[in-house]
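All chains, please: the whole structure from these sequences, using the hints.
Residue numbers (numbering that gives the first Met the number 0), protein chains in the order written: chain A, 0 to 490; chain B, 0 to 484.
It should be emphasised that the hints constitute simulated quantities derived from the structure, not laboratory data. A quick note: this is a predicted structure, and the numbers were derived from the prediction, not measured. For each residue, glycine too, the CB sits at the ideal point set by N, CA and C. Check the hints yourself; a few may be wrong.
Said to hold, decoys possible - From the structure, some residues in chain B lie toward chain A, with a derived Cβ separation under 10 Å: (1) Ser204; (2) Ala231; (3) Lys232; (4) Val414.
Said to hold, decoys possible - Taking CB as the label site, the calculated pair distances span: (5) B:Gln374 <-> A:Thr152: 35 to 43 Å; (6) A:Thr152 <-> B:Arg352: 28 to 36 Å; (7) B:Asp336 <-> A:Asn47: 22 to 30 Å; (8) A:Glu45 <-> B:Gly135: 39 to 47 Å; (9) A:Asn371 <-> B:Asp336: 46 to 54 Å; (10) B:Arg352 <-> A:Asn47: 30 to 38 Å; (11) A:Asn47 <-> B:Asn333: 17 to 25 Å; (12) B:Arg352 <-> A:Lys215: 33 to 41 Å; (13) B:Lys240 <-> A:Glu321: 53 to 61 Å; (14) B:Asn93 <-> A:Ala39: 29 to 37 Å; (15) B:Asn93 <-> A:Lys340: 55 to 63 Å; (16) A:Asn47 <-> B:Lys340: 19 to 27 Å; (17) B:Asp385 <-> A:Glu309: 49 to 57 Å.
Residue-level listing of the chains:
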Amino acid sequence: MSKKGREYLINRRDNQYEVVIGLEVHAQVLSESKLFSTSATKFGAEPNTQVSLVDAAFPGMLPVINEFCVKQAIKTGIGLNAKINKRSVFDRKNYFYADLPQGYQISQFKNPIVGEGKVIIDLPDGHKEVGIERLHLEQDAGKSIHDLDPQNTFVDLNRSGVALMEIVSKPDLRSPDEVSIYIKKLRSIMRYLGTCDGNMQEGSLRADVNVSVRVKGTKEFGTRCEIKNVNSIKFMQMAIEYEANRQVDLIEEGKTIDQETRLFDTKKNETRSMRSKEDAHDYRYFPDPDLLPLEVSDEFVNKLKSEIPELPDDKKKRFINEFKLSAYEATILVSDIEIAKYFEEVVAKMGKNKDMKLAVNWITGELFAVLNSKNLEITQSPVSAKNLAILVNLIKNGTISGKIAKTVFELMLKNDDDPQKIVEEKGLKQQSDPKALEELIEKIINNNREKAIEYKQGKEKLFGFFVGQAMKASGGKANPQLINEILKKKL
Amino acid sequence: MSEITKQSLTELVESIKNKKLSSSEVTNAFIERSEKSKVLNAFITEDFTSALDKAKKFDQKPNLDLKLPGIPMAVKDLFCTKNVKTTAGSKILNNFVPTYESTVTENIWSEGAILLGKLNCDEFAMGSSNETSFFGNVQNPIDKNLVPGGSSGGSASAVAGQLTPITIGTDTGGSIRQPASFTGTVGLKPTYGSCSRYGIVAFASSLDQAGPMAQNVKDCALLQEVISSFDAKDSTSIDFKRSHYSKDLTNNIKGKKIGIPKEYRVDGMPKEIEDLWQKGIEYVRDCGAEIINISLPHTSYALPTYYIVAPAEASSNLARYDGVKYGYRANGENLIDMYEKTRSEGFGAEVQRRIMIGTYVLSSGYYDAYYLKAQKVRRLIKNDFDEAYKKVDAILTPSTPSSAFKIGEKTNDPVSMYLNDIFTVPVNLAGLPGISIPAGHDAKGYPLGLQIIGKAFDEQNILNIAFAMEEKINFKNKITDWWIK
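This is the structure in structure tokens:
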């Protein structure tokens, strides 16, 4: 295996294989109620407490579309730079399973609500466009629980009928890393839009991964396998690595790849066959006669367009232009809407005379380190944006040194105290009175006569010694710049 | 007492409003007659005790402003009724008691009516003779061992036999109009979207429509007025301005243009049907209407189209009866085995036949040739009507190609059974309103019906035409009470 630049290739004998990946991402629509019923969608509720007669498919019950979910899907489509289809149709996908009460899933098969679009992903050496094939709305199924009883399966219908957006990418991804970046970007866009919380632990975001391989340079795609329902980025990457290598091995052995659906076994780190193409279900799709085709007007779509917030790509551009950030810094700060919000609040609170570079460094440096070590989200930050802005300003205007600032920051972590107050109470204000510093330095030189002479004779290293002594004598509060100036003069 | 049950709905409402009769007296009269009429097998579930309680309560504090003040009535067992068993005529729902009420029945109870019980019907409304019911066939009050038609056979039998003053049925391909025709009663299939489907056990969602069944047109109009409403719980419900069907009812149809479609003159149609139709044409002409010959060229494709669309939707609608959540469950080795046993034991032969047809026409490789093609033909059939309605206000046809047949006569010949719906099915495919009124008798003395088909949402017009014709026809149903010893 070699990674030349961003290329991810699998080498066997003289052949170099390229991996082709397409994703079908299932993103749970962020909404209070389900796609076709008024039951709640809260995660983690007691089993079967969020189930209406419609969700449990009682006789005579009918689906009624939740307009909010439609809006969420359209907003997501706009965020993916995609075509919004003014007419879409809900179909029935028929199959029997214990956790599918209707005996069919309502999904958009032929006419999805969102058509082709694209997502830009940032790679270490540039960026890449990933095509979106479509986005459609569908119902989630319930959950079968097989491990509560040796004889029986239990069914929890809380999830039954929850709205999902299936976002189908084109086969444009070429490596596990690209997949990771793509998923994160998709997640970021949806979190900006407020259309999906992107919480993979809770199953709000999961994907079917289509993998095929081909000798680098060939145009035709290889036969693909679909790895079903992978629920973490790490597992997706592991599954792709395994699957791509499995396929390459088969080709190298002169065997053919069967188009099939596979499952990723996270414990054994391997994919295994679930069903072959021949065994594929015949879902007998047909338009759901209980629902009319979904029609949206230009006006409806335009209104939603006007509600779209600034999305990561635009925000990044603005950060670079307006705040003179590097592309790298901007990418980090826009990667998550909450981080971007925090940063922008810091910027706002810093006022007119602000040091953007310093603010970025404090957020991505000290603050991120604390969040990481404590495993906190930025929304749970122990230091508020307002107080971090004050701290940065204190450094900028010379009230405290960068070094003292770290001490102050430590003290802020406990109760999110105002750094100004901490500086005053602890007497940490930087000493910048030249007269007082001159006196202090004269004292030090007098006490270290010999070393001063050595310095004059050329032992320049000793300059640091004097600086250290001066800082020590001032309790670390002396303005380092002034000390340098005075020392140079006096020595 | 029996005099009470002979009264029409309109008369009963009048009597209760004038305090000539109490709700208890009326309710009691229908219960007593029903008790003597078990032979008809019209009821699947009787709710008599509760009905008498409700009648008593009504009489204590009668609200006479309601449209159906204290009127007892039984309904087809396809409507979900809160706390009263609802079976759809199937073993698979034999133990099913809904915790909710259908919108249509809710509308009825809120106008003061009282539930007498649930009426027999073909299993999941699939049938034209009421013989597919798990609860046994229903006798036609017209004659012994005669089918009442279907699928609303129990409903038709109960109205004709005066076990209920009025009732509601459902009509997917003729299930109100055909049994009305077979029993000498009036049945209206409203425009698709006029009556909510919420809480009605689904057969074929794009065709199902609830409607009133009564002894006369006026009663029918009154009940339609009560049951038709816009309902946000049904996405296919339509919010149009509904008439006061009974108040606005008139026999003045002068100048109305009535279309006679030549394609309904089918091969092998009995002469008495042809004669009846001709008589109907005379009647409307007598009423001052104008007769115009029209063509509905795709009529002959309606039946095959229907027998693709309806089973396709049914195969999916009935997937929910799987033994997992409610209803009948057979024990199985595993999930699949449980499904197979539950559904083969729970569904009857006709339902299984239609599920298989539906599954077949939707399966990959056949979908385009059957289902998609059928949808296209359905569009053509609707276009036929749209075209015709540029020239006429309504269309007059026979309701059925024959009078009621004997129990068992067509059980083993599904195609001949399906042919019964030949005149009614196009109306469902086009989503139009259609009413069947009794118009005469055949040689055996069995009733025959005529059908008036209207423009969408034009129930008032076809009710008016039916009302005017009813006056001219002056039909008398020959009920001998043969079943009462």
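Each hint, compared with the structure:
Using the Cβ-Cβ criterion of 10 Å, the hint placing Ser204 of chain B at the interface with chain A is satisfied: the shortest such distance is roughly 4 Å. Interface restraint check for Ala231 of chain B: the shortest CB-CB distance to chain A comes to about 7 Å, inside 10 Å, so the restraint holds. For the restraint placing Lys232 of chain B at the interface with chain A, the shortest Cβ-Cβ distance is roughly 6 Å, inside the 10 Å limit, so the hint holds. Interface restraint check: Val414 of chain B against chain A, minimum CB-CB distance 24 Å, threshold 10 Å, status violated.
Taking 35 to 43 Å as the suggested C-beta distance range, the pair Gln374 of chain B and Thr152 of chain A conforms, at roughly 38 Å. Between Thr152 of chain A and Arg352 of chain B the CB atoms are about 31 Å apart, so this pair conforms to the stated range of 28 to 36 Å. For the hinted restraint 22 to 30 Å between Asp336 of chain B and Asn47 of chain A, the CB-CB distance of approximately 25 Å keeps it satisfied. The hinted range of 39 to 47 Å is satisfied by Glu45 of chain A and Gly135 of chain B, whose Cβ atoms lie roughly 44 Å apart.
Between Asn371 of chain A and Asp336 of chain B, the C-beta spacing of about 53 Å keeps the proposed range 46 to 54 Å intact. The supplied range of 30 to 38 Å is met by Arg352 of chain B and Asn47 of chain A, whose beta-carbon atoms lie about 35 Å from each other. Distance hint for Asn47 of chain A and Asn333 of chain B: a CB-CB separation of about 22 Å, consistent with the stated range 17 to 25 Å. Separation of Arg352 of chain B from Lys215 of chain A is about 56 Å and departs from the stated range, judged on CB atoms against 33 to 41 Å.
The given range of 53 to 61 Å is respected by Lys240 of chain B and Glu321 of chain A, whose C-beta atoms sit roughly 57 Å from each other. The supplied range of 29 to 37 Å is met by Asn93 of chain B and Ala39 of chain A, whose beta-carbon atoms lie about 33 Å from each other. Taken as a hint, the range 55 to 63 Å holds for the pair Asn93 of chain B and Lys340 of chain A, whose Cβ atoms sit roughly 59 Å apart. For the pair Asn47 of chain A and Lys340 of chain B, the supplied restraint of 19 to 27 Å holds, since their beta-carbon distance comes to about 25 Å.
Distance hint check: the CB atoms of Asp385 of chain B and Glu309 of chain A are about 50 Å apart, consistent with the given range 49 to 57 Å.
Checked against the numbered hints given earlier, this structure breaks hints 4 and 12; the rest are met.
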